[in-house]
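These protein sequence lines are chains G and L, in that order.
Note that the numbering used here has the first sequence beginning at 959, numbered continuously upward.
Note that the numbering used here has the second sequence beginning at 11, numbered continuously upward.
I should point out that these hints are in silico values taken from the structure, not numbers from a laboratory.
Fair warning: this is a prediction, and the values are worked out from it, not measured in the lab.
Glycine included, every Cβ here is placed at the ideal spot set by N, Cα and C.
Among the hints, a few may not be true.
FRET-style restraints, in silico, Cβ to Cβ [stated by the list, open to error]:
1) L:A144 / G:L1015: 25 to 31 Å
2) G:L1094 / L:V71: 27 to 33 Å
3) L:D310 / G:R1130: 53 to 59 Å
4) L:P99 / G:Y1200: 44 to 50 Å
5) L:A144 / G:A978: 31 to 37 Å
6) L:R189 / G:L1060: 49 to 55 Å
7) G:R1130 / L:A179: 30 to 36 Å
8) G:E1019 / L:R118: 51 to 57 Å
9) L:T62 / G:L1225: 19 to 25 Å
10) L:P99 / G:V989: 52 to 58 Å
11) L:A144 / G:L1066: 40 to 46 Å
12) G:L1060 / L:P59: 33 to 39 Å
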Amino acid sequence: MLGSASSRPEPGRRRRGTGAAVPVPVVALAVLGAAFFALPLLGLLQQAAWSDVVRDLGSPEVRAALRLSLECSLWATALATVLGVPLAWVLARGEFRGRSLLRALVLLPMVVPPVVGGVALLAAFGRTNGLVGPWLFDTFGIQLTFSKTGVVLAETFVAMPFLVLTVEGGWRALDARYEDAAATLGAGRWTTFRRVTLRLLGPSLAAGAALAWARALGEFGATITFAGNIVGRTQTTPLAVYLLLETRPGAAVALSLVLLAVSVVVLVALRDRWFGVR
Amino acid sequence: MTLVAAGTARVGALDVAVDLTVADEIVAVLGPNGAGKTTLLRTLAGLHPLDTGRITLDGTVLDDPAAGVFVRPAHRSVGMVFQDHVLFPFLDARENVAFGLRSRGIGRREARRRADDWLTRVGLADCATARPDALSGGQAQRVALARALASEPRLLCLDEPLAALDAQARVEVRRALRRHLAAAAGARVLVTHDPVDAAVLADRVVILEAGRVVQTGTMDEIALRPRSAYVADLVGRNHYRGVAADGRVTLAGGATLVVADRTVTGAVHVSVHPRSVGLHREAPGGSPRNHFAGTVTDVDGLGDRVRVRIEGAMPIVAEVTAAASTELGLAPGHGVVASVEATEITVYPA
């Protein structure tokens, strides 16, 4: 019998044995690519006037933008969940003609430039010449453009596809026999959905909501086009960053750091899902 | 307690005959993969609708498409043990077992108490708070059984209850399952592709091939009189189709057999146990009147016995002692003469 020490390959040796070493030029380009991502982050951290960050974030204008962003992005996430989960359900489990068309429609906001999304929202909900906007205003007195609701709508428009896509993926991966088992154990449709389907979908739902929230929080193009840029009403954090860059660059950087921190937190929270080694 | 099912259910391109009567007994549905066994079980549980026919349980119609009756799974008294167990991964063993009781409106405390009772009955009192991923295959199977039995269903269905287990666990779990199944009341139907499961666990066997019921009976009856090549293979017997007249059977391949049973005439099945087949270098004299020359194609050792496959006018598998095999010098390609006594041939109407 051979000694166990000699039969266990050393880490360095094993790698040589795989024969799958990455070519040097590829590594060089990869390093360049990584640097391209890392440099702006480093710049942001370097530019930050750390002693002034607290003061910058404390100004009424900035605090209003942060509060509005938080409020609107949470509403947008809620709306995206309420509308997106049924969409994901239909896309994952429904069998009907035009399903791929529906999926393309749902995913369109992911690829359309957000500013175009804003123009399209205006064309639908604009008060004077939108598709349903005048009717909404005349009948219910609801004006969506240049309002907080408009911000929520614009953010939902761009964020919902992330939720639908993630939840639909989770739904497809879900073994329907769990639901069958619940049914044979006397659980009706609603009980099965609540106690089994939702529980199994939980991780996808959380991931989808987190992604949608992060996307809503960062929304710029559709918001400024559809809801405008009214301080305290529709000026969200990304809009504030853009305008502050002209007047108070330090505050712009400070706000950017807040948005960056939120993104990092979302990424860390989702690491098992997206980066986990399975 | 009687399940009466007679109908069909279409799955893909296969029309599965849902043809089953089960009293207070254990019936195994045995068949190859893709025969429609799982579909059959799913129709009983209400997870797959019948296309034609009717299913009744204790006189209550569960499914009758012609009459527009379909009772949802949640409202049937049918317990199901799924292949791979399908325990809820987010609940511990106790909550898995309590699930059915909770769904049927029993309070949390009482449901837990009964769940613990059931876990004790299947010998898993210690595992009440274990999550499914911490259970062994055999333990998971017993939790799944307890979960299905906790609602005291009138019909218990088990889909390949032993398929998820490795060979070692299988024997032990099979023995335990037999005990638990015997203790449970009502109609019990299990689906399996393993004749050993069927023989050990069931009172009666229904053989399903390509969606059709080809044979029913006890495993002993089926082992003696297989009615298809699949069944014969399953029980390890030689099987032929032929036409009988005056104590002779002319096989589809052209060979003629002399048989002891003169009462059966017309289209028949013929079956011969491999151990009843003698092998010789040359055609023997004396009593065995049936002998056929052939060529050895396969020789498989089974401990002290050897299984020999012979091709010729009458293809046959013989089982002889290792000593006889050595003496005859059996090897693929060798010529050999197989003989069968007339009294060792089972003949039965097709």
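Hint check:
Between L:A144 and G:L1015 the Cβ separation comes to about 47 Å, which falls outside the hinted range of 25 to 31 Å. Our hint of 27 to 33 Å for G:L1094 and L:V71 is violated, since their Cβ atoms are close to 52 Å apart. One distance hint, 53 to 59 Å for the beta-carbon pair L:D310 and G:R1130, is violated here, with the actual separation near 45 Å. At roughly 46 Å, the beta carbons of L:P99 and G:Y1200 sit within the given window of 44 to 50 Å.
Here the CB-CB span from L:A144 to G:A978 is close to 36 Å, well matched to the stated 31 to 37 Å. Checked against the given bound of 49 to 55 Å, the beta carbons of L:R189 and G:L1060, roughly 53 Å apart, stay inside it. Against the hinted window of 30 to 36 Å, the Cβ-Cβ separation of G:R1130 and L:A179 comes to about 32 Å, which satisfies the hint. Checking the proposed 51 to 57 Å range against G:E1019 and L:R118 shows it holds: the Cβ atoms sit about 53 Å from each other.
A hinted range of 19 to 25 Å is violated for the C-beta pair L:T62 and G:L1225, which are about 56 Å apart. A hinted range of 52 to 58 Å for the beta carbons of L:P99 and G:V989 is inconsistent with their spacing of about 41 Å. The supplied range of 40 to 46 Å is met by L:A144 and G:L1066, whose beta-carbon atoms lie about 45 Å from each other. One distance hint, 33 to 39 Å for the beta-carbon pair G:L1060 and L:P59, is violated here, with the actual separation near 27 Å.
In terms of the numbered hints stated before, the structure departs from hints 1, 2, 3, 9, 10 and 12, listed from lowest to highest.
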